[in-house]
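**Q** Join the two chains into one complex using the hints; note that each chain is given alone, in its own frame.
Listed in order, the protein sequences are those of chains R and A.
Converting from the first sequence to our numbering requires adding 1189 to each position, the first position being numbered 1.
Converting from the second sequence to our numbering requires adding 1 to each position, the first position being numbered 1.
Please keep in mind that the hints were generated in silico from the structure rather than gathered at the bench.
Predicted model, so just to flag it, every value in this text is computed and none were measured.
Glycine included, every Cβ here is placed at the ideal spot set by N, Cα and C.
Where hints are given, some of them may not hold.
Derived DSS-like pairs (lysine-lysine); straight-line CA-CA distance at most 27 Å [what the hints assert, rightly or not]:
(1) K1289(R) with K92(A)
(2) K1386(R) with K1369(R)
(3) K1235(R) with K1369(R)
(4) K1235(R) with K1212(R)
(5) K1289(R) with K1386(R)
(6) K1235(R) with K1289(R)
(7) K133(A) with K1212(R)
(8) K1212(R) with K92(A)
(9) K323(A) with K133(A)
(10) K92(A) with K133(A)
(11) K1289(R) with K133(A)
Computed beta-carbon distance windows for the label pairs [to be verified]:
(12) S281(A) with A1487(R): 48 to 58 Å
(13) A1493(R) with T271(A): 41 to 51 Å
(14) P335(A) with R1494(R): 49 to 59 Å
Some but not every residue of chain A turned toward chain R, in silico, with C-beta under 7 Å [unchecked claim]:
(15) G125
(16) D128
(17) Y344
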Amino acid sequence: MTRITLSRALNEGLRRALEADEKVMIMGEDVGRLGGVFRVTDGLQKDFGEHRVVDTPLAESGIIGTAIGLALRGYRPVCEIQFDGFVYPATDQIVSQLAKMRSRSRGRVALPVVIRIPFGGGIGAVEHHSESPEIFFAHTAGLRVVACADPADAFAMIQLAIAGEDPVIFFEPKRRYWDKAEVDLTAPPSDALPLDKARVVQPGDDVTLLSYGPLVRTCLEAAIAAREDGKSIEVIDLRSLSPLDMETITASVARTGRCVVTHEAPVYGGLGGEIAARVTEQCFYHLEAPVLRVGGFAVPYPPARTEDHYLPDLDRILDAVDRTFTY
Amino acid sequence: MAIPPYGHHEKEWHLTAETIQLLTPEGERVDHPEYPLDGADVRGMYRDMVLVRRIDSEAIALQRQGELGLWASLLGQEAAQIGSARALSPKDMAFPSYREHGVAWCRGLDPLRLLEMFRGVTHGAWDPEEHKFHLYTIVIGDQTLHATGYAMGIQRDGGEDEAVIAYFGDGATSQGDVSEAFAWASVFNAPLVFFCQNNQFAISAPPERQSRAPIYQRAAGFGFPGIRVDGNDVLACYAVTRQALRAVREGEGPVLIEAYTYRMGAHTTTDDATRYRLASELEAWRLRDPIERVRSYLARTGEADGAFFEQVAAEADELAVKLRAECLALPDPPPLALFDHVYAGHHAVLDAERAQYAAYLAGFEEKGAGR
Chain R
1190 MTRITLSRAL NEGLRRALEA DEKVMIMGED VGRLGGVFRV TDGLQKDFGE HRVVDTPLAE
1250 SGIIGTAIGL ALRGYRPVCE IQFDGFVYPA TDQIVSQLAK MRSRSRGRVA LPVVIRIPFG
1310 GGIGAVEHHS ESPEIFFAHT AGLRVVACAD PADAFAMIQL AIAGEDPVIF FEPKRRYWDK
1370 AEVDLTAPPS DALPLDKARV VQPGDDVTLL SYGPLVRTCL EAAIAAREDG KSIEVIDLRS
1430 LSPLDMETIT ASVARTGRCV VTHEAPVYGG LGGEIAARVT EQCFYHLEAP VLRVGGFAVP
1490 YPPARTEDHY LPDLDRILDA VDRTFTY
Chain A
2 MAIPPYGHHE KEWHLTAETI QLLTPEGERV DHPEYPLDGA DVRGMYRDMV LVRRIDSEAI
62 ALQRQGELGL WASLLGQEAA QIGSARALSP KDMAFPSYRE HGVAWCRGLD PLRLLEMFRG
122 VTHGAWDPEE HKFHLYTIVI GDQTLHATGY AMGIQRDGGE DEAVIAYFGD GATSQGDVSE
182 AFAWASVFNA PLVFFCQNNQ FAISAPPERQ SRAPIYQRAA GFGFPGIRVD GNDVLACYAV
242 TRQALRAVRE GEGPVLIEAY TYRMGAHTTT DDATRYRLAS ELEAWRLRDP IERVRSYLAR
302 TGEADGAFFE QVAAEADELA VKLRAECLAL PDPPPLALFD HVYAGHHAVL DAERAQYAAY
362 LAGFEEKGAG R
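Same shape as in the complex, but just chain A (with noise of 0.2 Å):
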């Protein structure tokens, strides 16, 4: 029996006929009858494209300085991230994976709590709730579960007009949880969209090594809708997702939406993409970005002029800066703080283990002062 072959290849361009496009790659609007696109502030989506890149490649600025221990690239996927997040309601809820930093974005999340994260000074620590997004989640495909148990929250609160929406990979539909995820989901009839970035690499594998049909196939399995879209196109992104979201809202079950993307970027800054990856795919797909093509049709559909698309680059390059200076101010949290918040009260143990440390600690300051 011959195994699959494995290795560098090319990726195709698989925009395949049930692929959901609404904004082709040179910015030529096409209608689709199942997905208007009432509503649609295109200018603001790709604001908000824009500032997100300009966040990411800040972030990336301040880890090659070491300000940073990690950075998880977000390039390429703007247009799936905006286009799913700017679709939600206010009191919809996301479970993100950990490159969400768009989704974050519209949910109001100071992207210093991001930073904080990837610099080491907490995990995470800003209130779900509060914005209506979870903790990012690096154990791959842990969320959806997650994401899975609030809906059933939902069902029982009768809360009609709530969903949830669930951020992963094509690599974490390898999970166990994922398809434990479908199963629940599908099976108590939760009002979830789960929504798969296939932004083509888990770090350097490719789809074809995590599944043999098409993801938004698998969902036929589980008995749910499955949706690919140009995860390219943040209007087509935008308007599936808010189909979606209405359709479960309806009690219509869960949906998969497929975006199909690119990480343009590695892995992390820790990743070397060149080992995995040929340059002229990359560049294949640079004409797929998924700004430009906002910007193009902006531009010839006279929606937004040259004035406009100057002051979201001063406003971008404003925020990098703004962001910079935050996270150099950001403190180191003191040494004790590392014993707050295990447990809601008492523990002994680890009550016992924090006198000793303080202790410990205080040692060097007596030592100090006589100096």
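Just chain R, same shape as in the assembly (with noise of 0.2 Å):
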């Protein structure tokens, strides 16, 4: 085991994903000689080459559009887009190209691309660097979409994403990059738990606590706080955002009767919605609240000083939890 960040797990991930096919590739802005912005491709140009690391010009849509006609050429490009809200001028490629050429060619045609993207807020940032543009990709069916949590989990989903045959698009919790934990960089991806499965990361009786990427950790401290309290939270890490794991889902709620989502995008039309919508469906007699919902307001992301207002943390969501007691 070694004590790594998120950022390094991935960059790990990503050395050994170039390592087992020759066919990934790494493209994006600034990600070879600079190592990328947050580092995640630190070292790899030098180690292998400009051909396999490949500094592009400075156009998402081309950074699609042409992993796009590699991925038709045989190759498995991994896509940096350097922060979320860069991500709009390629959503052209990924949702009317990337998406859907599997379903257009009856599948004959098949796009490994993988489009990582570093995403939330919580750093301080200027506009256009703390976005959660997660759920636009989740409504375009042909995209699996997935967020990781923390470095050991970032480490094995990497190479995951990169070894499916389908696209994927790839949140990474900006915010949480330099967190550190232990990590077994000798574990085969094979080993891991699917990419398409939700995990319990605390597990707990009264209410079932679902977010994934930045939040996860703030969920596991609410379960904390909420323990001397005399209220026992289970944590679930979603991972993939889609498709959701309800299996996993509604075994929890089914067994606690309440469910509060929280993510950083706004409330309105996001995931939450979703998934208040089937544990509802599915979990109808054993609920005693109804599915509650934490996360960003119907406004544009704010600027940095008020930032703390519109993303969840601790207090709002232990509010929510709190809440699922009075019905």
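**A** Pasting the structure below:
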């Protein structure tokens, strides 16, 4: 076991993917010589060469569009979109081309392209550097959408995403890049939890608390705080946002009878609503309270000095947990 | 500041000095020192053009009779498509837009695959690698980036005898993706020919609404050569494309070819071109018909006789009859097929929806059986 940051864990996962398959490529803005603005690709161009770790022109649609062409040629590009708010110029290529190609070719064309996106706020950034656009992609058939939350899982998940045959939008919790944890760098990805499964990160009995990405750590902190209050929270890291692992979710809610979903993305039209609807359909007679959602407000992501009010935090999550006991 | 006028105006015949032409509208051969015509199968290209025009007219008829949902006619662009596509080697990869029926023909794709798509049976669904012809791309300009990435893959594979050609139109040159493709192909020196069919229309909008500079001149700003060719001259399209492919295969980087042609039909079968163009303009372009000039040339030089022309015409009619019968016989896909091939493996949400919908449909069958 090695104690490393989440950023480094991703770096190690990418390195193993590059070693495992010579068709794997990394491409994006500043991913080569600089090693990426978050250093996730640090050292990879030096070790694997400019043709496999490509510093691209500054054009997001170009990154995804050419990655599609490379995938048509048999390559497995791993693209980095530098920040969440910069993915929109590539949306046409992702939604209209990448997501649909397998279906429109009736399975004759596979596009194993992974798009890594650092997402979420909490780093005091300027505009367009703190967004949570995951629902746009979760809503798009043909894509798999995942979010990693801690170093060990990030190390496995990035390798699983690259090895798969479907396009994957891979969200990385940027404010957790420097979180450290023990990672077994010898563990083969085949031993890891499959990419489309959620995992219980903290067992509990009274409330099921669902999240993904940066807020998983916040939920774990909430579970500790609630314990002092006599409430036992089960925390589930969804990992996969498309598809949702409803089996794991409903197994938990059927036991606890209460469910809170939290994400940084706006509540309105967000993944929490989809989960609430499905939990209500599938766990109706087990529920002690309506499924509650804690998330961003229906406003553009605010300036950094007010982002603490926008982002769900320990207190807002616990407030929702408390409210599930008032019905 | 005056805004440039926009509306009905007759287009000029921009056959400027730099436009490459090897066969005049009257069918006279013009020699060009840089573009020799050795190896050109003129009779073959005549046959190709006649056949694809016949496929096109049959498809329009099928649409009018309700058998196709839509058709995008290639009428008038046969030379640009056949000339460029016949210049490709079997290993070259073509990325079409959605009107490249002539290119599809040259790549050996059964025209029925095109009818399937416009009938609504598939979204295309041929195997791109089998024909070295990618699926039709309807979002304007997207395929130019795919072509660029594919060409970058060829570079990585060391494929020295392979090149890529990307087809797009004058309207597409306004799309950001096309400019991005120009930039990428240029900085990576990708083995790629950009083949722009300037057919004078983006549905109703003229090229003047897309670009103040002639399209072929845009390449200069990206650092690679641009050439304008008479797009209604199949010999020039063939010779110029062949030359460009040779250059890109030898590592000279991308080339832009602007084939200056004219969309003689409407944008698609849902369009009414009389709302935005004058009949006199269409008549003027009929005199520059891409097929007629080759016929004149072949007849004048004695390379083909009446029997040849009759045989090609008969072949075209037979092809149309066959295609019509096959189109009418196309079965609708079974309803549950819509769930297939979305993902490589299982997707829990989709799997559940498929199961639910199958059960829902089965419920009707049970009720029906009880009657």
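**Q** All the hints need checking, so say for each whether the structure fits it.
**A** How the hints compare with the structure:
At most 27 Å may separate the alpha-carbon atoms for a hinted pair to count; K1289(R) and K92(A) meet this at roughly 26 Å. Proximity of K1386(R) to K1369(R) is assessed by CA-CA distance (about 23 Å); at most 27 Å being required, the pair is judged to hold. Of the pairs offered as hints, the one joining K1235(R) and K1369(R) holds, with about 25 Å between alpha carbons and a cut-off of 27 Å not exceeded. Simply put, K1235(R) and K1212(R) have alpha-carbon atoms about 17 Å apart, close enough for the 27 Å limit, and the pair holds.
For the proposed pair K1289(R) and K1386(R), the alpha carbon gap of about 23 Å is at most 27 Å, so the pair holds. With a C-alpha separation of about 35 Å, the suggested pairing of K1235(R) with K1289(R) is violated against the 27 Å cut-off. Under the criterion of a C-alpha separation no larger than 27 Å, the hint pairing K133(A) with K1212(R) is consistent with the structure, at around 20 Å. Simply put, K1212(R) and K92(A) have alpha-carbon atoms about 20 Å apart, close enough for the 27 Å limit, and the pair holds.
For the given pair, K323(A) sits about 25 Å from K133(A) by alpha-carbon distance, which is consistent with the 27 Å threshold. Distance check on the hinted pair: K92(A) and K133(A) sit about 7 Å apart at the alpha-carbon level, within 27 Å; holds. For the given pair, K1289(R) sits about 20 Å from K133(A) by alpha-carbon distance, which is consistent with the 27 Å threshold. A hinted range of 48 to 58 Å for the beta carbons of S281(A) and A1487(R) is consistent with their spacing of about 56 Å.
The hint said 41 to 51 Å for the Cβ distance between A1493(R) and T271(A), and at roughly 50 Å that hint holds. At about 58 Å, the CB distance of P335(A) to R1494(R) agrees with the hint of 49 to 59 Å. Interface hint status for G125(A): upheld, as the beta-carbon distance to the closest one in chain R is roughly 6 Å, under 7 Å. Checking D128(A) against chain R: minimum C-beta separation of about 5 Å stays under 7 Å; hint holds.
Below 7 Å, beta-carbon pairs count as interface contacts, and Y344(A) has one with chain R at about 5 Å; its hint therefore holds.
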